[in-house]
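Line by line, the protein sequences give chains B and H.
Here the first sequence stands for residues 1 to 192, numbered as in this note's numbering.
Here the second sequence stands for residues 1 to 404, numbered as in this note's numbering.
Hints in this document: simulated from the structure, not taken from any laboratory.
Fair warning: there could be bad hints in the mix.
Below, computed lysine to any residue pairings styled on SDA-like, alpha-carbon distance capped at 20 Å [what the hints assert, rightly or not]: (1) Lys76/H to Ala66/B; (2) Lys166/B to Leu149/B; (3) Lys151/B to Arg133/B; (4) Lys130/H to Ala38/B; (5) Lys76/H to Ile91/B; (6) Lys173/B to Ala162/B; (7) Lys223/H to Lys173/B; (8) Lys120/B to Lys76/H; (9) Lys130/H to Tyr64/B; (10) Lys343/H to Leu376/H; (11) Lys76/H to Asn89/B; (12) Lys223/H to Gly88/B; (13) Lys109/B to Leu376/H; (14) Lys100/H to Arg73/H; (15) Lys223/H to Ala162/B.
Ranges between beta-carbon positions, derived for each pair [said to hold, decoys possible]: (16) Val359/H to Glu27/B: 52 to 62 Å; (17) Gly374/H to Asp84/B: 50 to 60 Å; (18) Ser171/B to Ser354/H: 50 to 60 Å; (19) Gly54/B to Ala326/H: 36 to 46 Å; (20) Asp177/B to Ser354/H: 48 to 58 Å; (21) Gly128/H to Asp84/B: 41 to 51 Å; (22) Arg153/B to Arg4/H: 56 to 66 Å; (23) Ala23/B to Asp392/H: 50 to 60 Å; (24) Asp339/H to Leu129/B: 43 to 53 Å; (25) Asp158/H to Asp84/B: 47 to 57 Å; (26) Leu129/B to Val359/H: 44 to 54 Å; (27) Thr104/B to Gly70/H: 15 to 25 Å; (28) Arg174/B to Asp158/H: 53 to 63 Å.
Glycine is no exception: its CB is placed at the ideal position from the N, C-alpha and C atoms.
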Amino acid sequence: MRIAVIDENAARAAIIEQGLSEAGETEVFVISERHGLARAIEALDPDVVLIDLGNPSRDMLEEYFAVSRAVARPVAMFVDQSDDESIGNAIEAGVSAYIVDGMTSARIKPILNLAVRRFKAFSRLQNELQQARSELADRDIIEKAKKLLMKKRGLAEPDAHAMLRKYAMNSNKRLADVADAILMAENMLGGE
Amino acid sequence: MTDRLTIGFLPLVDAALPILAQELGFAEEQGLTLEFIRDVSWASVLDRLLYGHSDFAHMLAPLAIAATLGRGRPAKALSVPFVLGLNGNAVTMSLDLADKVAGRDGLGLPYEVGAKLKQEALLRKAAGRKLRFGVVHRYSSHNYKLRYWLAECGIHPDSDIDIVTIAPPFAADALASDEVDAICVGEPWNSVAVERGVGRITLVTAQIWRRGVEKVLAIPTEKLAEKKEQTERLIRALHRAGRDFINPDHWDRNAAILARSEYLDGSGVLIRRAISDHIMLRSGAEPLHIPDFMFQYREAANFPWVSQAAWLYSQMLRWDGLSYDAQQQKQAEAVFRPDIYRKALADMDAPMPSANAKVEGGVQGPLAVGASQGALTLGSDPFFDGRAFDPDQMESYLRNLPKN
């Protein structure tokens, strides 16, 4: 079975590709370029096309599938309506699929499920990365605000930290938000 | 305690009413909190709507009908209880093509531009390099109005030129890279192309049909049954937002809200031009006042006339090469739900027509029409060729359209 994965996010495409290749009896091709997408698909002549929901080329692709005689008319996975739940699942995960007419759902389903799992795994990774990044950024902001307090108020580091913490608790805000407000005020009031 | 409703949208100026309803407190007045999911393709907006990720969607009117009739995918019935606006799109041509077919200043006249465009289209066809036009979707009013204009000017949209689908954010890129010679798209994307110096606005869709239905509020019909009461509250909030949208004192503020990163993530200056009907046609020109460029509130613009749904269905038949089916016409018309609109806005300061359908393109000059609530005067709503569309005479209407 020939599977085309259309994804402008190369990292995610790689994760999907790897997962699908392990399924066996599949050839997986990744297209991450928007330009010449239709020609690339025509050349590949895939049985299944997977595309992420956030891809702006989806409407173009559906139009191409609807009018093109060059490819064997892949149709949206929704054509087999027997399983709204698994379609809902795929959308939840952020992937949509187009499948050439005649493929049985017994052959398609494992592939789709695999793709869905991979998409979910990727967004989990991405969330974790984002969280790690924002924690780093938070720490950085807190450090800066602490230094400012130390300098302006002549405080030792533990006292500056305690002061921030107290403000945060009293105002029911995150430490990083209080630190951010301090830095912003300093900026606006013309600190150096 | 407010009810939460999720609304899917594409970053276009005509997504304004739900956004403003939330941001200006009209939703809250109705006990609603609106949450938004932004997408970059109509396919994804539709998927999320059909599979329960969103409760409502900002949607192309023809796409709501196509989804209901099962064009391109299995049929799932959608309902449209409120029209989010009329028109607001334009035809933007590459500088090269615009120089050939349109005057230097101002908007072109549909027949004049069309006549010159025909010559150019035939030349390019003979040279084996057909003109390419980009539209935002196969089932869009952009596509239907563009084709309506071309066909009347003697240009066959399927054989004399190519029409391709292009996502609105890429429209300017596609013009810049010569991928297409012209685009028909909504704001702010025409203006983005003009600002970048890669295109000129030569026509607006309001010139093709002065009162053409554009985006609608869509909800799966199944879900409408469960959420009827919330839907009515949403319609009231949208109605209030519409009144605010046309208030010149609020244009700066409203443009700034729409421009925010979570909504259109675009230029407040360009958005303000669109909502105030002031459009810069070519780079460096003074923005030109184009009355009724976007038509979001007056003359019961948000009323879902079933005759407008019928017109869209007639064009779907015309360009998908299908034959007329009276049963399907009823189905297409039933997508638009004036009954819900009426119930929601009863006892509000909303003029309410007494009919659900009219002869589209049949109003000449301000015309007072029968109203079951308030007073309603409709302005001229012509198609540029002077034809009128009577939904009860669809077959003869279709027979008399240009065949090319």
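Hints versus structure:
1. Simply put, Lys76/H and Ala66/B have alpha-carbon atoms about 18 Å apart, close enough for the 20 Å limit, and the pair holds.
2. Note on Lys166/B and Leu149/B: the hinted pairing holds, with a Cα-Cα distance of about 13 Å set against a maximum of 20 Å.
3. Straight-line distance between C-alpha atoms of Lys151/B and Arg133/B comes to about 27 Å, which puts the hinted pair past the 20 Å bound.
4. Among the hinted pairs, Lys130/H with Ala38/B is consistent with the structure: their alpha-carbon atoms are about 18 Å apart, no more than 20 Å.
5. At roughly 16 Å between alpha-carbon atoms, Lys76/H and Ile91/B fall within 20 Å of each other, so this suggested pair holds.
6. Only pairs whose Cα atoms come within 20 Å are accepted, and Lys173/B paired with Ala162/B is accepted, the gap being roughly 14 Å.
7. About 39 Å separates the Cα atoms of Lys223/H and Lys173/B, which puts this hinted pair outside 20 Å; it is violated.
8. Between the alpha carbons of Lys120/B and Lys76/H the distance comes to roughly 27 Å, so the proposed pair goes past 20 Å and is violated.
9. Straight-line distance between C-alpha atoms of Lys130/H and Tyr64/B comes to about 18 Å, which keeps the hinted pair within the 20 Å bound.
10. Taking the CA atoms of Lys343/H and Leu376/H, the gap is near 17 Å; set against the 20 Å cutoff, the hint holds.
11. A threshold of 20 Å between alpha carbons decides the hint, and for Lys76/H with Asn89/B the separation of about 18 Å falls inside it, so the pair holds.
12. Taking the CA atoms of Lys223/H and Gly88/B, the gap is near 16 Å; set against the 20 Å cutoff, the hint holds.
13. A threshold of 20 Å between alpha carbons decides the hint, and for Lys109/B with Leu376/H the separation of about 55 Å lies outside it, so the pair is violated.
14. Between Lys100/H and Arg73/H the CA atoms are separated by roughly 40 Å; this puts the pair beyond 20 Å, and the hint is violated.
15. Taking the CA atoms of Lys223/H and Ala162/B, the gap is near 52 Å; set against the 20 Å cutoff, the hint is violated.
16. The hint said 52 to 62 Å for the Cβ distance between Val359/H and Glu27/B, and at roughly 57 Å that hint holds.
17. Between Gly374/H and Asp84/B the CB atoms are about 43 Å apart, so this pair departs from the stated range of 50 to 60 Å.
18. Taking 50 to 60 Å as the suggested C-beta distance range, the pair Ser171/B and Ser354/H conforms, at roughly 57 Å.
19. Between Gly54/B and Ala326/H the CB atoms are about 41 Å apart, so this pair conforms to the stated range of 36 to 46 Å.
20. Checking the proposed 48 to 58 Å range against Asp177/B and Ser354/H shows it holds: the Cβ atoms sit about 56 Å from each other.
21. Here the CB-CB span from Gly128/H to Asp84/B is close to 47 Å, well matched to the stated 41 to 51 Å.
22. Range check, Arg153/B to Arg4/H: about 44 Å between beta-carbon atoms, so the 56 to 66 Å window is missed.
23. Our hint of 50 to 60 Å for Ala23/B and Asp392/H holds, since their Cβ atoms are close to 56 Å apart.
24. Between Asp339/H and Leu129/B the CB atoms are about 50 Å apart, so this pair conforms to the stated range of 43 to 53 Å.
25. As the Cβ distance of Asp158/H to Asp84/B is approximately 35 Å, the hint placing it in 47 to 57 Å is violated.
26. In this structure the supplied range 44 to 54 Å is violated for Leu129/B paired with Val359/H, their Cβ-Cβ distance being about 59 Å.
27. About 22 Å separates the C-beta atoms of Thr104/B and Gly70/H, a value consistent with the hinted range of 15 to 25 Å.
28. A hinted range of 53 to 63 Å holds for the C-beta pair Arg174/B and Asp158/H, which are about 58 Å apart.
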